[in-house]
Every structure is written in C-alpha cells, then in structure tokens.
Amino acid sequence: MTQLILFNVFNGLIVGAFYALMALGLSLILNLSGVINFAHGGFLALGAYLAYTLMPYVGFWGALLIAPFLTAFLGLIAERILIRPLYGRDPLYSLLLTFGLAYVLEDVSRYIWGAQSVPFAIPAWLTTPLSSEYFFLTGYRIFMVLLVGLAVAALFIILNKTRLGMRIRAGTLDLETVSVLGVNVRILRNLNFGLGIYLAGLAGVLAAGMLGLQPTIGTSLIMPSFVAIIVGGLGSLPGTLLGGLLIGVASGVTTVFFPSATEAVMYVMMGLVLLVRPRGLLGEEGRVH
Amino acid sequence: MSDETLLHKKVSRRTVIKAAAAAGALQLTGPFIISARGEQPIKIGMDDCLTGTYAAVGKNETIGAQLAVEQMNKKGGILGRPVELIIEDSTSGDAGTAVQKARKLIDRDGVEFLLGNVNSALTLAMSDVAYEKKKIMVATGGHTDAVTGAKCHYNVFRICNTTQMEAYAVAPALVKNAGKKWYYITPDYAFGHTLQAGLEKAGAKLGVQKVGGDLTPLGTTDFSSYLIKAQAAKPDVIVILVQGDDMINCLKQAVQFGLEKKVHLAGAQQELEPLMGLPPEARIGTWVFEWYWNQPGVAHVKEFNDAIHAKTGHMPTARTWFGFAAAHTCALGANAAKSLDAFKIAKALQNFKLPPEVALMPGVPYFRAGQNQLIPNQWVGKAISGGKGGPEDLFQVTEVVKVGDAAGTLEESECKMQWPS
Amino acid sequence: MSSNPVTVADTPNPMGTGSAAKDRLATAIVWAVLLTMPYWMSLVGGYTELAIRIVVMGLAAMALNFLLGFTGVLSFGHAAYFGLGGYGVAMTIKYLVPSTPVAMLVGIATGTIAAMVIGALIVKLRGVYFAMVTIAFGQVFFFIAFRWNTVTGGDDGLSGWTRKALDLGFTTIDLPGNDKAYYYFALAIFALCVGAMALILKSPFGRTLIAIRENERRARFLGIPVDQHIWMSFVISCFFAAVAGALYALLSNFIDPRALRWDQSGNFVIMAVLGGMRSFWGPLLGAAIFVALQDYVSSQTENWMSFIGVFFMLIVIFFPRGILGILKRSVTK
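Protein chains in written order, with this note's numbering: chain A, 8 to 296; chain B, 34 to 454; chain C, 10 to 342.
Just chain A, same shape as in the assembly (with noise of 0.2 Å):
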C-alpha cells in the first residue's frame, strides 16, 4: 500500500508539473493584463501541431525548440490585433474575446490538420522506462519534468533578473505607475503575452508526446490550470506552480482509495480554499477588493 501511494505521490508530481507549465502561461497573463486568456489550449493545440509539422524536417528536438517560438510569435500578433484596442475596456471585452478566439483557433487547427488524430512520435529512448518496478517513470516523463524545471527557471530569472522582468513585476502591481515612468506599457504587455503563450506552446509540445494529438487537445487542460491558479493563489507565480503540484498530487493520491474522485478533489480544494482563505495560499493582498 505504502508503495502504492508513492508510487501515486511521485506520479502526481510528474502530472502536476505540467499542470503547473500552463497555469503558469495562464497567470502571467492575467496578472499583468487581467485578461483570463481561454484561448491558451487553443494555443496549446497550436504548439503541438507547429511541432507535428515541423518534426519531419527538424526532428523532434529542432521541433521542440522551434514550436513554442512560433506559438509565441502568433500569440503576439493575436495580442496585437484583437487584445490591444481591448484594455481600456471592461474585463468582459477581452474575455469575451480570448473565448471567440478559442473558438477559431480549434476550428482552423481542425480544418488545417483534420479532426483525426495525428500520431505524434517521440524519440525511442525516451519513451523506455527508467526500471521494470517503476514504470511510470518513463524516461519521457522525467524529461518533462526536468523540462518544466528549466522553464521554470527560466521564467524566474527572466523575471528577477532582466529589466523586462522587473518591469512586468511591477507593472502586475501597479501598471499605470509603471506607464508614467516612462515604459512603454504596449509593448510590455504584448512580450508579457507572447511569454505567456510560449509557455503555452511548450506544453502542447510536450503534452502530445503523451496524448493523442487532435483540435480538441487543450480544451480538457485549461480547467486545471484555472482551479492552480486559485488555489495557488491569484497574482502569485509561485503560488500557481504550488497550485499546479498541489493538485496533480493530489489526485494521484486520491486514486488509491477513492479512485472515482481523483478529479473531484482538485475542485474540493479550490472550494476549501475559496472557504478559508479566498486569495489563495500565497495570493496577495489586495487582489480581492
């Protein structure tokens, strides 16, 4: 039994770090520019697909480096054109807006692609198992953690330790603050976009060595990331990658006694926390009223 939980527990962890690669997409979006962006699985399918196409000619690793710059690159552009005349706006506006792009961006991937499933093939050494007893550990999923690690890391130093960092930090607090000092606030949301929709491109990338590639790919994801990002807390990266672990933990977890709420505990979580503390484990003050 024990083993079977750590088994679960490591599992989880795995799962959880990929939740937590597009919670983390999703956050640094809405810090910033306070738009819930329900376009990010679509973005997420186009990453895998850019990556699907591009494998034949760059191999799997040209098609995992190249892929998620593309998804950014779109991003970009989307933000330019549909998000942009938006932030003067109602909230409303943009979310109203990321959900009608949702809806083209699955259509286009399906009539660019075809609703049938591609098969997507990863290099064989690292689908093999690590060891006969835990075969969970699929080289594939260490590697995709190790993945997650880096862009974390990444992501932390891009954001302490480079200007356009400090400024998208300070500008989740206080954007207009930040606009009088003199940063063009434009552009800096639109890179804090394309960072976001990177992210979200890498796990496409990443999620279709593990599942079947087809437009409806990111559509089943999203929800996860929305409960790490209350759960972890709301304007707090590192709260959303707690979020993130928390859950994929979670549910491992719960499989091995109550296999039937494996996913309803990551709601029952989000309520308890709504509950006990609404702005999350490490949200930050202020962000409720």
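The set of hints was computed from the structure by calculation and includes no laboratory data.
Some clues are possibly wrong.
To be verified - Quick look at which bits of chain C chain A covers, simulated, 3 or more residues with Cβ under 8 Å:
(1) 39 to 48
(2) 135 to 141
(3) 148 to 157
(4) 324 to 335
Here a beta-carbon is modelled for each residue, glycine too, at the ideal position from N, C-alpha and C.
Let chain A serve as the given structure and place chains B and C on it in line with the hints.
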C-alpha cells in the same frame, strides 16, 4: 486613448454591418430557391458530429452516406425520385443541438428519413424525436444496447453492433490469446458499462475471472494511475474499453510504460481512426472491428474502397460503411415497401437482407425482426503497424465471425417492440 | 466597477430608452413580435422549435444581464444554474412525479439554492477574479453532472422522459404533442419572469443595484451594504436562469452536462453584449440573433465555429455597446 486604432479605421463598423446584412438577406432567399426547382426530391437528413471530440468518426459516417446517395441517384433514386442528403452538425455532445437539428430536418427541411449519430446518448435522443414524428431513423454509430434494446422503437433501425454482440465476438479470442484473468479499464458512460457487462457475460461462459476494474471518466488524459493499479493486480490481460482519444492516450501511455511486455493489452471495439492516430509502436493488441476494408476476394469491396479513396485520399473505415449502409437502407426499404410511410417501410425491413453491394462482407447481414438490429459479420484480429495492404492496413484479421454467431438472442436484447395499430 | 460618468440615458429608466413613452413602444413591439412568432417563423426559414429556443435563451440572457448589465458584476458561470434548473426538471419527471409544474418548481429551487450557497462563498471577490471563480464553480457542477452517472446519467444525460400535459382542471394543454402549445407556455413563463425583473429593477432595490454598478465605492460610502446587495442580485439572476434551464430541458425532453459547461455560459454573455447590456430588452435581441445565426451557419458549413468565433470578436471590438446601444446613441444625439 481612443478605441479606434489605425487598423480599425480601415475596417469600419459600417463595413461590418453591410456584410452582415448581405448574409442575412441570403438566408431569407434560401428556402424559396429550393421549391422553385422541378421535381421534388426525397430528402434524407443526417444529424451527426462534425465538430468536437467525435468529429473524425462523424465526418466519416457522413462521407459514406454521401457516396450512397450518389449511387442511389444513378439508379433512379427512391421510388423514381432524386434523393438529396442534408447534413447537420449535432456537435459531439450537446443534446439540445442534436435534438434541435433533428426537428429542424424533419419540420423545416421535410426529410423523410433520419440518420445518425456517433454519440449513443444523442442517438437515443434522436430516436425519440423520430418516433414522435413518425419518420424512419437508421442509427449509424451509437452502440449502446438500448437503441435496439430496452428503448427500441418500431421505426428505428441500427447498423452498428450492440455492445453485447461485440463482446460475444471478441471474448473467445481474448481468452485464447491472453488468458482468463481480466482487468477492465472502462469508460464511465452507458457504452462502457454495457460493453463491460457484455464481456463479463460472454467471459463467464468461458471461465473468465475478473481480477479488477476501473471506471475512467470520459476525456481522461492521464491513465498512469489506472495502469499502475491494473498492473498491480497481475492480470493476464488489461481489457481496454475506452474509445477514440481516450484509447489513444491509454495505449500510448501503456506502451511507454512497457506494459505490453508484461501483460497482454487488448479490448473489444477498435476502429481505424484511433489506430491511425497512434505511433507505430503502440498499434498492438487483440480487438474486434465491425467492418474492415481489407477483404480480398469479397465482391464490391474494392469498388467501395476505390470510391472512398478517390473522395478522401484514405481508405474507408467502419464508420464510412455505417453511413453508407444506413443511407442505402432508407432507399431499399422505401423501394421494397413502395411507399414513404414509416409503418410500411418498417414492416418491409423486418428480416430484410442487405444486398452484397451494400453489405460489403462475406456473409449476408439482415435486420433482425422484432429488434430492427442489423446482424452482420465481425472481424477479430490484431492491430499491426503497416500490413501488406499499405500504410492504412493496420489490422490483421485472424477470424471473421459469421453472421449470427455473436448475435445473442432477441430476449437478451430486452427489446419489446410496440407497433402502432 | 466602471468609471464612466453617469449619463442621463442610463439611469432614470432601467429600460434604457430614456423616456417612458419610448419604453412602452418598445415593449409593445417586442410583445407583438413574440406573440405571433410561431406563425411567421417558417416564412423566414425558421421553425417553431427555433422560436422556443429563442425565448428560452432570451430569458437566460436577460437573467444574466440582471447581474451583468444592471449590477455591473461579471458572472461567467451562469450555465451552472441554468443546467441545474434543467436537471431538476428531468430528474423529477423521470424519477419522482410526472408533472410539469412540480418538475419546474424543483428545478428552479435547485438552481436558486445552489446560487445562494455559491454566492455567499464568492461575494467578496470582484472583477476578473470573480469571473474566474464563477467559471470554476460552473465547472464544478458540470463535473458533478458528468461524473455522478447513476443519478444524472453522466455524459449520456437524462433521456427517456417527456414534458407532461398541463392539467388545469377545466382543460388540459397538450404540451408534449403540440409544439405551438409549448411555445405559448414558455412565453407565458417568460412574461411572468420578465415582468418580475422589470418590477425589481424599477424598485428602490433595483435603483441601488444600478448605483452599485456606476460607482461601487461611492455606494459603499453611502452606507449601502454592497456585498449583501450583490449576493441578492446574484441569487435573483440565477433564479431566472434556472427557470430558463427548466424550460430548456422541457423543450428537448433531454438534459445533459453540456448545458452546464462554460461555453454555454459564454454564449449567454455574448447574447447580452450583442443585444446591449445597458438596455432591458437588449439580451433578448442578442439571443434572437445569436440563436438564429448559429442555427443558420451550422447548417451551411461545418466550419461554423470559426464564423461564430469571429463573430464574437467583431462584436467585442466594434459593437461593445451592442445593437440597442448603437440605436440608443443615435436616438439621443
């Protein structure tokens, strides 16, 4: 900061309004154009999934139906009148839309026949509409037993198998290839429940022992915890009953874990669409197909394959055949009854045998009287990666189950058909 | 919440036309159209079910707008209460009592009680965060409907039941067999709800909600218990959404988890915005256009999702005030 950036000045509100008005005007002229034409065509309405999770299989069903209608029209149509196929998107799960479209097809478009749906639940909802409106419905791909079982209607027929029939077809092969200790991974909805129940029943007759099982929610992406549990129970075979994307996720992950080296991976219903979406190393296991394109020596199959390949660039799948046979059934029934009246057609279709150019199988399938369920051949075999037939030959047939061998009895189906007086 | 200066057109009359006479005219036109809809529907390529769907969705959109347009609070999870209304109806007719009125009462009660509980939990949040949490809670109910197979039928939904005829003692109205009869039944319920909404909006309570919408901080300084008002508004709004959901289930003789999902919620919001959030009848107009458009486009092409998505985006970028908002502006110039 003004809302109108440079970009938006170019596309003004007025342009958008004008475009919308033009589109709206088109809608008003729509119905009038149709009635101005010469002879009134007979319409078949197809309410199937063109978007969402089931888009791929739903689309294939509609392609098969389209081919059938083209063939029908070359032979004089139904009762001498041309046939028109009207396709509506039921979406993959919104019952409100599916029912709405079914009513639209019948009330506004005046279809005489209703075809559909991939989703069992939508099929049931549509069959209630067909029953209420007294139109013939030929269910294409919803497998839940109730459609020609507990909730059967005199005017609703079905092409695809019931889950019990699939279970009877594949159980012996599972025992032979793998063993008698089974662990189930079952999707948690009616289709999954009845398929597992069917396998348990078929297995009981063969001495099969269930060592465990898990119900997985539809749309599960991560099967690792279920596979961990399954492997811990030490079965001979993990019986994977999830379908579509869930099937791809489960098999992909199971093979990544190297589970196929320790335990047999198999299941019941399998289709070409998920196999095409799997990487080559994951195309394994013992399964049953409801129809397969690679049937050397069987009449008319090659023409069908060629016609579909010309249309889509791919080989037909079981879903293509479901739509094809369903549409043809409407014509065959109406021509046999010499009428468009649902009651007369339903009577004419009792024990009706499909002709070879529609059946496309070695045996002679027929609609069982009192149940309206087609009893066809089934194909049991192994998934492979690239057989002799080409890149889409992904299934190696080991046995063709004869018509009727896996059919079970009429009593088992629980259908108590009520005929209007 | 919004910091726009209060305009004359916005507040004196909740109906939004700025004058009582115009109000009455607008109301008269709307009712004339609604009362005769089944008769002229087929002439423009529609059908009775479409008309019923417009009325039902119109009610849901107007219910949402009570919270969104008049109180200034964005809820993106209204489909949950809509769906709960529907499930209440379905489960009552299927398992308990085959009676349409009883089923409706159960459905409405279910949705409203859920709203009371959830509302209390989230009333302290605002803006984008409130919206996120409403989405998440909406998803909770979707999840329950989806997983609790034995009770809700899970993904298969609840089928095998139909709306029952209405026995009024002196006569029986054949709801299941006669589509037009059901249309007028739904319209009657719609009329009651809309009338109630109008009364509430014109009352001091309704005025307070509008004040909160215009400037929450000022309202708080005036001593208004803002959180309580928002909670009440939320509950009232979800109450009417549950009524719409009950009618929806009766329309299809079917209910399934999709009715609870976030895309259904999004549809309600777009209907309100499309028609005009600041006007009373706006959401109904938005619902009519949206339902008809979706019905038409999905018949023409399987790429209807792109069209609807682009449509959303065009509305949001070019017509944020909605259609009635544009008309109002040109009228008051």
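**Asked** Failing hints, ascending?
**Response** Hint 1 is the one this structure does not satisfy, whereas the remaining hints hold.
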